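Q: The residues making up each chain are set out below.
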Amino acid sequence: MKSFLLKPPSLSLLMFRSTAVFLMCVLLCPTKLLATEPRFEIEVMSILSKAGCNAGTCHGNLNGKGGFKLSLRGQDAEYDYASLVQGSRGRRVNFVLPAESLMLQKAIGTVPHRGGIRFDRESAEYEQLNQWLQLGAVGPKVDSPRLANLQVSPSAAVVRAPEETLQISVRATYSDGSSRDVTSRACYELSNLDASVSADGEVKRVKFGETTLIVRYLNQQVAVPIAFIDPPDDFVWQEEQQINFVDHHVFSKLRSLSIQPSPRCDDSTYVRRAFLDAVGRLPTAAEARDFVANTAEGKRSKLVDALLERKEFSDYWALKFADILRVEEKILDPRGVDLFHAWIRTQLHNRVPHDKFVRSLVTGTGSTFDQPAANFYRANRDATTRGETSARLFLGTRLQCAKCHNHPFDRWTQDDYYRWSTLFSQIDYEIGDNKRKDKLDKNEFAGEQTVRVAKKQEVRNPTTNELTSPKFLGGDSWKPGEPEERLEAVAKWITAPENELFVKSQVNFVWYHMMGLGLVDPIDDFRLTNPASNPALLDALADHFVEKRFDIRALIRVIMLSRIYQSSSRPLKSNQHDETSYSRALVKRLPAEVLLDMQSDVLGTPASFAGYPVGLRAVQIPGVKRVRSRDKGTNTGDRFLRTFGKPERILACDCERSNETNLQQVLGLIGKGLNERIANSPVLVELANSERSDQEIVEQLYWSALSRPPTNAELGSTKQLFETAGSDRLPVLQDIAWAVLNAKEFLFRN
Amino acid sequence: MLKPTFSRRAMLRIGGAGVLGLTMPKLMQAAESGTSFKPRAKSVIFLFQWGGPSQLDTFDMKPDAPSTIRSPYRAISSSADGIQVCELLPEMAKRMHHVSLIRTMTHTMKNHASAGYYALSGHEPPSDDQRLRDSLDLYPAYGSVVDHLAPNTNGMPTFVAYPHVIRDGSIVPAQHASFLGKRHDPLLVLEDPNDPNFNLPELSLPNGLSVERMQRRRELQKLVDQQARLLDFSAEAQGFDDYYQRAISMLTSGEVRSAFDLSDEADAIRDRYGRTSYGQSCLLARRLVESGVKFVTVYFSNSIGGRRVNEGGWDTHGFDNTRMYKIVDKYQLPLTDQTLPTLLDDLEERGLLDETLVVWMGEFGRTPNINKNESRDHWPQCYTALLAGGGVKGGFVHGTSDEAAKFPAEKPVTPEDLAATIFQLLGIDPNTEIYDRSNRPLIIGGETVSDIIA
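As you go down the protein sequences, you meet chains Y and H in turn. Read the first sequence against this note's numbering and you will find it ends at 732, with the numbers running on by one and no gaps. Read the second sequence against this note's numbering and you will find it ends at 465, with the numbers running on by one and no gaps.
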């Protein structure tokens, strides 16, 4: 505690003293010591990271912690030195009695520390910091060696049970050619909870599956994919038919992990899955029956071709794009929503190549009513939002972190962020009457607007307080006066076939929607430390997409025809732990709109949505909310969609849609909502009153809801119910309908 | 952001002033705040006073201030030594020995939406802007954090909120789970507890659907589920099925339903709370915590109000030729004096007060200077929060405001600090991290106000 009271050394004294100590050391110390003399920018900085001092929840926080702030994860050695040595009147270091320095006492807990004890007095960390202090706490030097290369071995690993651990070793090479083992000094983080990692780099299995270890030392990071597998003793890879290149890449990974893919699913499952994934609706009973009964060769391929031609394809994929393009009434005006949505749908319907679609959005200016693509900028109203949104949607990259500091897990600096954003700075709006329904609500923009290119100030980087110059993300600078105008240039740069982030992120978007899990997951998070689960497959899909001139249908087709898309969801012994390598079909709750339309189709009862004519399908709704809830109560259809996670479309992010399950959803399915729809179902009444036998009406219901016939057990059980019920078949049929509409097989894609 | 660089000039400029603005006491306080204690609160009732009640006309009276500042109402003594309250809160005055006041709540958000978000989440909004839009980027409600970190295991919902979704133009953020995921959303009740037919449609079987028939349906559903066997290998499908089990037991066993059944209360007690939406909401809060709900948020009103004597919140600017002191004396203050004391008594009579933390506060206070409309405008720099029960001291005041209740004179408390205190009292470590969509670690609270903990 005494150190608090010591008068901090004045600046000049400090410099003098450190120089003096250094000189003394040079003169007196044997050269051996010089080699191990801790340097601030290497040893001290790596300790601050290793001990977690500069973590985002500790002193690396934007506001620091307890009045002490370090650069986040050690991005800025000079800042940290100033903060440690000069900050707070130099209270943190004690040059007279180094061991009394607050920075040491806090870390070992002899002075109370809210962040707890970081290391003990006997540790190498303590020893080195103490030594650094004794040598005068010298700051970072301009000419000292930099970290040149970080080598992690192994660079990828498969750990087979009974083995459950993997020792990582890390070697740092510096710009002066020296190198050393830094295994105990590197920081380790895992991408999920399937494993744990010790401070010394030993990774231990928690459960079987795949994880990514991120190794960080000073300013470099390396990602190490690790799979923990448990192959059955008698595992022998069974050759599987490879239908196309997708299978080749998936199988070669599975084979290396001793995982067998689940067998091909049956026809009922396939027809249902194909309809739901491609066009967002159920096959009708007749369509399902015909498909299953059909014995022709190549019927799955024919089905895919037919689905891609259906108009519902455009409806369903327009919904997915409308989600991320913020097609929402408050900001676009209901008319703008209708126009923008119709435009998106038309692009899909007319098979406009995807790169062209994106170029239209990025260059979209003019009246938002005459030029619907201009709504993209109408919804993204300032340069940084436009920059973030474009990076997320078109480059699969989350830039937000770099708004306030260099991205802690990726290569993007704050400079990159603002130089990219300023590419989108020359946009202005002509706002017309803007007769808001609610004058208090400044989020609302009513009526027409014109988005135009205008001379505006470039974006200012708040750290340097300087205006930035435009530069493509990870690419070249853009200079005024170049032949293409700025937005043209941006559009061209983004959508260039050579722009890997564009092509891969777009492919990944489609893959995610078809397979339920992105090759890069989450889909908007491409970064160095989040590698694709199957990089070769992602490359191949990207090549294919370019080769097919950005034709979304062609991409979907190659996915749907692959053997792995056709896998059953039922696990085998060898693939039961696999969640990430596509060895079986993923089971996922269906999206809100699709589920509601499925109910409507089975029951013949259209859902109602406030502000729309009856009969509109939920997937066709252009926007989010047509009528303000305070003007008119929401309808049951609207409520269902909200409960089941239809997004508000505020964030321009696919993540806004929730396919989670919760209690409220089930209460709605059990209670009034669905019950009323069943009670009012003309289809059920017609079936119950028809001449058809009990078994026939049950079969009809099963085919229409589950795309399969009832099993014997199900038939037996329903038969019994009809027998006890007597002449009125309707209540029994309603109960059966409730059961099939609540079966997991109905609610989940499988 | 202050960025010290390693130039001689920069160092001279920052000189000895403490680069990062920290002072010794604050540092020591930070170091010592990790003290452990036994949490007493099992539940929280958060009574959110939307619109912003005036500190100067409720719990931080300044009777000696000039007439341009002081309340036209007198300050009266209370059951707690040295604590005075407004003369229009005579019943509350008799219960101040249960109460801790924080008279130095402070922040800088002047708009209802941003200040409301701050108050409901304990996190500073990215901007002080009425346009602050509810999105998954913003922080979740306290109750959702509780449901995420310490969910109920007693079959009751963890977090219930009612009887409004509050808005000022746009919906105010932090009324739901945001990035924590929909499963942590509150059970939101928009029916009016004062309606004679008040019930939860979700918690009652639809007309004509008997329990037997419901069970028959469930049996059939189980049979269908056995065919595809999704439940055997999909944790998600299994999880969804668990909700059916829970929902059906809620609908049939009646434990949850009866918690919401206000008709079960004697008329006398219903009258004591007052036959208003807010009054009956307070009564419902007591029923809910009694049956084991952990976090109950009651919104005083759906709108900021302030212009009528029969509806709305505390936003009394005197707009449209209305006058604050012709409104609060007829509506907000009497309503408060009927409900809050009754709730405290009721909890105490049932032995629940010690384990139930009651928090009464708005999103900000009101201007010390009475404006030209003889009313008061928004004032976030200094206002009062009231806490009672759940392990806080009785008859205690934390912090002192200056002579006009304009700024904290000592011991300022931010919404972050209040959040930490609420979590701490519930036994949740306020240093706990949660993760947002960018996987950014966020700490749920600031510095616990340990002073008020009994």
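These are calculated hints, taken from the structure and not from any lab test. If you're wondering where the values come from, they're calculated on a predicted model, not measured in any experiment. Cβ atoms here follow ideal geometry from the backbone N, Cα and C, with glycine treated the same way. There's no promise every hint is true.
[Stated by the list, open to error] Chain Y regions said to be covered by chain H (calculated; three or more residues, Cβ under 8 Å):
no., stretch
1, 137 to 147
2, 621 to 635
3, 646 to 655
[Unchecked claim] Beyond 12 Å from chain Y on every Cβ pair, some chain H residues (computed):
no., residue
4, Asp236
5, Ala277
6, Asp413
7, Phe418
8, Arg451
Q: Please verify the coverage claim for the stretch 621 to 635 of chain Y: does it have three or more residues whose C-beta sits within 8 Å of some C-beta in chain H?
A: holds (count 5)
Q: Count residues of the stretch 646 to 655 of chain Y with a Cβ under 8 Å from any Cβ of chain H, then say if the count reaches three.
A: Contact hint for the stretch 646 to 655 of chain Y vs chain H: holds, 8 residues under 8 Å.
Q: According to the definition I'm using, a residue is off the interface if its beta carbon is farther than 12 Å from all beta carbons of the partner; does H/Ala277 meet that for chain Y?
A: holds, 29 Å
Q: Taking 12 Å as the cut and beta carbons as the points, is H/Phe418 off the interface with chain Y?
A: holds, 21 Å
Q: Regarding the assertion that H/Arg451 does not contact chain Y, is the least Cβ-Cβ distance greater than 12 Å?
A: violated, 6 Å
Q: Between the stretch 137 to 147 of chain Y and chain H, see if three or more residues pass the 8 Å beta-carbon test, and mark the coverage as holds or violated.
A: violated (count 0)
Q: At 12 Å, judged by beta carbons, does H/Asp413 keep clear of chain Y as stated?
A: H/Asp413 clear of chain Y: closest Cβ-Cβ about 24 Å, beyond 12 Å.
Q: Quick check for students: does the CB of H/Asp236 sit more than 12 Å from each CB in chain Y?
A: Per Cβ check, H/Asp236 is inside 12 Å of chain Y; nearest 6 Å; violated.
In terms of the numbered hints stated before, the structure departs from hints 1, 4 and 8, listed from lowest to highest.
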